[in-house]
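Asks: Sequence:
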Amino acid sequence: MTSPTQAPEQAKAHEPHPYIGGRNAALRALTAWRMERPGAPRVVILTGSPGTGCSRLLTGFLMLCDPEYRKGLELEAYDPATVPLDLPAPAVPSVAGLTAAQTLWLLADHYGLSATRTADICPELGQLPLSGRPVTIVVPDVDRAGPVRGAGGPAHVMRDVLKPLAAVESIRLLADVPREFAVELAEGLPPGVAQIIDLDAPEWADPEGLVRQAEALLNPQFGAPELPFTTEPDARRALADVIARHAGDGAGSRLTVHLAVQSILMHPEGFDPEDASQLPGSVGEVLDLHAQRLDTHPRILRQILAPLALAEGDGLPVHLLTPLASAVADRDMSEDMARGMLLVAPFVRPIERAGEGIPEDERTLLGLQHPGIGEAVRAGIPDVPGAQARIAMELLEAVPHQDWAKAGVYVRDHLAGHTLEAGLLPRLLTDPGLFAHAEPVRLRAAVEAVPPEQLDAPARTYLRTAPLLTRTQAPAILRAALLETAFVEDGLPEYAAVLRRTVPELPWYTLWSAPVAGVDAVTVGKLPPSAAASDSAVETPAKQEPPESAPLAVAVSTVPQGTPGSRPLKADDPQAPAVLVQDLAAGSVIDADPTQILRPSDDERATGPLGFSRGADYVRVWRRGEQQGDEQIVTALVSATPFTGTDLSPDGILLVATESGVKALQIRPAQPCATTALRSVTDPQAAEPEPAQAPEPEPEAAQAPQAPGHDAHPAA
1 MTSPTQAPEQ AKAHEPHPYI GGRNAALRAL TAWRMERPGA PRVVILTGSP
51 GTGCSRLLTG FLMLCDPEYR KGLELEAYDP ATVPLDLPAP AVPSVAGLTA
101 AQTLWLLADH YGLSATRTAD ICPELGQLPL SGRPVTIVVP DVDRAGPVRG
151 AGGPAHVMRD VLKPLAAVES IRLLADVPRE FAVELAEGLP PGVAQIIDLD
201 APEWADPEGL VRQAEALLNP QFGAPELPFT TEPDARRALA DVIARHAGDG
251 AGSRLTVHLA VQSILMHPEG FDPEDASQLP GSVGEVLDLH AQRLDTHPRI
301 LRQILAPLAL AEGDGLPVHL LTPLASAVAD RDMSEDMARG MLLVAPFVRP
351 IERAGEGIPE DERTLLGLQH PGIGEAVRAG IPDVPGAQAR IAMELLEAVP
401 HQDWAKAGVY VRDHLAGHTL EAGLLPRLLT DPGLFAHAEP VRLRAAVEAV
451 PPEQLDAPAR TYLRTAPLLT RTQAPAILRA ALLETAFVED GLPEYAAVLR
501 RTVPELPWYT LWSAPVAGVD AVTVGKLPPS AAASDSAVET PAKQEPPESA
551 PLAVAVSTVP QGTPGSRPLK ADDPQAPAVL VQDLAAGSVI DADPTQILRP
601 SDDERATGPL GFSRGADYVR VWRRGEQQGD EQIVTALVSA TPFTGTDLSP
651 DGILLVATES GVKALQIRPA QPCATTALRS VTDPQAAEPE PAQAPEPEPE
701 AAQAPQAPGH DAHPAA
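Numbered per this note's numbering, the sequence shown spans residues 1 to 716.
Since the hints were made in silico from the structure, they are not lab data. Be aware that one or more of the hints could be misleading.
Stated by the list, open to error - Label-pair distances were calculated between CB atoms; the ranges are:
#, residue 1, residue 2, range
1, 611, 360, 36 to 44 Å
2, 550, 500, 22 to 30 Å
3, 319, 342, 15 to 23 Å
4, 132, 611, 45 to 53 Å
To be verified - Taking lysine to any residue and the SDA-like style, the derived pairs with C-alpha atoms no more than 25 Å apart in a straight line are:
#, residue 1, residue 2
5, 163, 91
6, 526, 571
7, 406, 351
8, 163, 120
9, 526, 591
10, 163, 192
11, 163, 141
12, 406, 463
13, 163, 38
14, 406, 504
15, 570, 594
16, 526, 601
17, 526, 643
18, 570, 528
19, 163, 42
20, 526, 594
21, 526, 622
22, 526, 606
23, 526, 604
24, 71, 84
25, 163, 124
26, 163, 89
Glycine residues also receive a C-beta, built at the ideal position from the N, C-alpha and C atoms.
Required output: the full structure, derived from the provided sequences and hints.
Replies: This is the structure we're talking about:
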């Protein structure tokens, strides 16, 4: 289908690219890179102002690189220097919304690498050409990297992905990066290895393509209304020429042209094609002129768009726009919003979402047509941190009774991003409920962006636990349970108690945790009262002394000799292990003869109501059924480090040990519809691999470029 960037009445020796409508100089350079022509660089860095057309150029170029999409193009009609040969499609990891680690794992999965650490991925990619597999990678939209805007996602992708890839001599790299990173990426590479294509620079200018874009947008054949300056070819061409000339060759010119035409066509009343003062030279001028033509003060338009410019993720739920606009403006914006839809129409787009767990009032989002609009709006906000602080307060007010389980999806998952940019995030990081219910990849990215010295103890506990939460894609209840354990481990029982109170479906309560190093094995047992002498140094206030005649349930750990409170198994052998005996319910150390401890018999274990199975870094607890195969999973405990020992008492106390210590968890009855279980990592948006020692699950593969329609990228 003919694209609206192609002007049919213009006869050319070579037809312009049907999606780009120009940019031949840049296309020739990209094709030379793709074909590895003599003198062509190995690394190409594409950059420009927001709205200059980098994304559109890259999308159009990838059409020519995709073997399937090429079949629908009239390649012989284009300039041969802009059409690469039919080669296997390059890897195109989409970094929008992803962390640097997630991007690397996309590449690892795409190429089927055996790496188990992110540090191994680039070296393994560098070895692939030795087996005859070329490694050609195109990384688009680096400016949109990262799950939280204020967390420096583009900088992390630059430092941890692009620079290591560019340094590998056998990798051919094309990346679309913000201008502030272009020179940095090229630095350190030998002369001639890297080329910067800055679309704002005169040598890459495309004034004819800019006119063609404006003329096509004005053409009724492509959807423009029939007006005197759209139906008459000469008038249309003259107006397109003057719009393009005012927009210039840089500073967001493609986006400026697109928005200027949309503004004119949506409200042509009073527009005079002969009046050059009505034509903008930048995105900011488009906003101001559009408001003035609709008899509105430009400040009103910018105040309506401000929440969208400051929003996180894809956009704002519609019902939040008015209260957040009022918060940013510091006045009631209800009347302005009621008559503001025509005012904002050229600049916003609705985004429909579907999926389990998304409430009805959050299925429709409003987002900006292009990130360059957000840049222009944010540039006009005198105090961005102050505006974000007011947004954050408004979002906090929207949490019903401060119950994060009932908070809206946007509030729950994106509040941290707003408070980060406001400089208030450390104040928010004392609420265990937020830790449990907020989407962990986004919250982790926000917390990691805060200087460590500003984080209090609960935030440090969250940060320590977050890699486990992201790796496993743990649902909210399991996140709460893992955090409850982490708070106990870090000596913050009051925060664990909050989670027990606010998340009644917790699959376990952590009874105690002891930082004992070198535990090789653990087992549960019973100790006759006469054989036990409790060490009061580790007593807990909640401990209940058993009746005199009842045996005491204990935890027995095999530890290195010299561990405080332990008894050596062989007093005459300093290399022999020792045994540490603890009260199973309270964790207090018991000075007892290990030979007096009674272990559960095989029959007792086999007939108990609960059983367990263990992997390297997980333990599944299940309830026995009446028949073989009727078992019901009660919960799964996962660990950032491998387990060194595991046991389960008949009354449901799970005893586990890792290299860092031993702990006991009281397994609770499974709640209806609340069973927690391990989930495989399949969505790079939701998971960030790389546990401390266990191999990471892999996210879904990087995809070759798909055939984009006209909405694949905004027009600029």
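Asks: Next step is simple, just say for each hint if it's right about the structure.
Replies: Hint check:
The supplied range of 36 to 44 Å is met by residue 611 and residue 360, whose beta-carbon atoms lie about 42 Å from each other. Take residue 550 and residue 500: their Cβ atoms lie about 27 Å apart, and the range 22 to 30 Å holds. Taking the beta carbon of each, residue 319 and residue 342 are about 20 Å apart, inside 15 to 23 Å as hinted. At about 50 Å, the CB distance of residue 132 to residue 611 agrees with the hint of 45 to 53 Å.
Between the alpha carbons of residue 163 and residue 91 the distance comes to roughly 17 Å, so the proposed pair stays at or under 25 Å and holds. Pair hint residue 526 plus residue 571 holds up; C-alpha atoms about 23 Å apart against a cutoff of 25 Å. Between residue 406 and residue 351, the direct Cα distance comes to roughly 23 Å. Compliance with the 25 Å bound is thereby established for this hinted pair. Between residue 163 and residue 120, the direct Cα distance comes to roughly 15 Å. Compliance with the 25 Å bound is thereby established for this hinted pair.
For the hint pairing residue 526 with residue 591, the CA-to-CA distance comes to about 14 Å; that is within 25 Å, so the pair holds. A distance of roughly 16 Å separates the Cα atoms of residue 163 and residue 192; the hinted pair therefore holds under the 25 Å criterion. About 16 Å separates the Cα atoms of residue 163 and residue 141, which keeps this hinted pair within 25 Å; it holds. For the suggested pair residue 406 and residue 463, the alpha carbons sit about 24 Å apart, so the restraint of at most 25 Å is met.
A C-alpha spacing of about 24 Å is found between residue 163 and residue 38, which places the hinted pair at or below 25 Å, so the restraint holds. Our distance criterion of 25 Å between C-alpha atoms is met by residue 406 and residue 504, whose separation comes to about 14 Å. Distance check on the hinted pair: residue 570 and residue 594 sit about 12 Å apart at the alpha-carbon level, within 25 Å; holds. Of the supplied pair hints, the one linking residue 526 and residue 601 holds, its CA atoms being roughly 11 Å apart against a limit of 25 Å.
Among the hinted pairs, residue 526 with residue 643 is consistent with the structure: their alpha-carbon atoms are about 23 Å apart, no more than 25 Å. In summary, the hint linking residue 570 to residue 528 is supported, as the alpha carbons are separated by about 23 Å, within the 25 Å threshold. The suggested pairing of residue 163 with residue 42 holds, with an alpha-carbon distance near 13 Å, which does not exceed 25 Å. For the hint linking residue 526 to residue 594, the alpha-carbon distance of about 10 Å falls within 25 Å, and the restraint holds.
Of the pairs offered as hints, the one joining residue 526 and residue 622 holds, with about 23 Å between alpha carbons and a cut-off of 25 Å not exceeded. At roughly 17 Å between alpha-carbon atoms, residue 526 and residue 606 fall within 25 Å of each other, so this suggested pair holds. This hinted pair checks out: residue 526 and residue 604 have alpha carbons roughly 13 Å apart, not beyond 25 Å. Of the pairs offered as hints, the one joining residue 71 and residue 84 holds, with about 13 Å between alpha carbons and a cut-off of 25 Å not exceeded.
As the CA atoms of residue 163 and residue 124 are separated by approximately 15 Å, the hinted pair is consistent with the 25 Å bound. Taken as a hint, the residue 163 and residue 89 pair is honoured in the structure, with Cα atoms around 22 Å apart against an allowance of 25 Å.
Violated hints for the displayed structure: none, as all numbered hints are satisfied.
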